[in-house]
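Novice: Take a look at the letters that make up each chain.
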Amino acid sequence: MGTIKFFASALMVGLFTIAIITWASMFAADNNSAVSLSSDSELQAINSTLSSTITIFASDVNGSGNTFISTTQDAGDQSATSGGQFKSGIGGALSMATEAARSGFEQIFGEDDGFAIFLTALLSILGFMLFAYGWKFWRGNPD
Amino acid sequence: MDGNSGGEIQINMAYIYQMPNLTGGIDTNIIQIVSQVPSFTYGLLIFVFGVVFMGGSATQKSKSGDADMPMWAMMASISTLVVSVLITVKSGMIEGWVLGIVVAVNILSGLWLFFSRGRGEF
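Chains as they are written, first to last, in my numbering: chain A, 1 to 143; chain B, 1 to 122.
By construction, these hints were calculated from the structure, which means they are not laboratory data. Here the structure is a predicted model, which means the values were calculated and not measured. There may be inaccurate statements among the hints.
[What the hints assert, rightly or not] According to the in silico footprint, chain B covers these stretches of chain A (three or more CB under 8 Å from chain B): (1) 18-29; (2) 95-105; (3) 119-129.
Glycine included, C-beta positions come from ideal geometry on N, C-alpha and C.
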C-alpha cells in the first residue's frame, strides 16, 4: 500500500462512516421508526466531527489546488520551495480514520478502562509471538 | 397411531413460553416472540451476518481459489444493518444499543476493507 493509497483509504473510511450513520439516522426520521440511531449520542457526535473534518479537508484541498493555477510570480521573486500543495489534508484524513475506529471500538467494547486488561493481554501474546518468531528466524526452531 | 383400541392418545405438553397470537399479523407475532425469547433478535442478526460472510467467502474460494474476506465482511455487515433498520420501525424488536453495535461493526468492517486493498484496486 503506497502513501497515496493509504491516505485515500483513510479518507474512504471517514466517508463511509458518515454515510452509514447518516443513512441509518435518516431512515429512522423518514419512517418515524420507534428505535432511532439519532438517540445514540456517541455516534451522532462522531458523525458531526467527521463531517466538519471533511469540510475542512475539502476547503484545504481546493485552496491547495488553486495554487497550481492562480499563482503569479513577478520578476525577482523567490520560487516556491515548500511543496505545500501536497501536504494539505493529510492530518485530516488520518484523524478521520482513527476517530471512526475509536468510535467503533467504544460502541462494541464500551468506554470503561476495565477492558484495557484484555487488550493488554492480547498485545502481550502478540508480543510473545513476535519474539518467538524472531528467535526462530535467528536461532532456529524454539520448540 | 399408538395401537390403542380406544383411539389415539393425545399428549398435551406444557409450553415453556407463551405461544404468539397468530391472528395479529406477522409483525405482532415476531414482537411477541421477541418478548418471550429476547435472544431471537440477536440470533437473527448473527445468522444473517454468518450466512452472508461464510457463505459468500466459501463460494468465492471454491470458484476462484481465494476468498476476499474483508469484502464479504463488509457485505455481511451491510446486510445485517439493512435487516436491523427494517426492524426498528416497530418498537419491541430491537434496542438502540444493538443498532449502535451493528453500525460499529459496519465501521470496523469498512476499516478492514479499505485498508486491505492493494494498489490499483478498490
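Novice: Are the hints correct? Go through all of them and say.
Specialist: Now the hints, each set against the structure:
Coverage of a stretch by a chain is defined here by at least three residues with a beta carbon nearer than 8 Å to that chain's beta carbons; for the stretch 18-29 of chain A and chain B the count is 5, and the condition holds. As drawn, the stretch 95-105 of chain A meets chain B at 6 residues by the rule of a beta-carbon pair under 8 Å; at three or more, the given contact holds. Check result for the stretch 119-129 of chain A against chain B: violated, 0 residues qualifying (beta carbon to beta carbon below 8 Å, three or more required).
Consistency note: the structure conflicts with earlier hint 3 alone.
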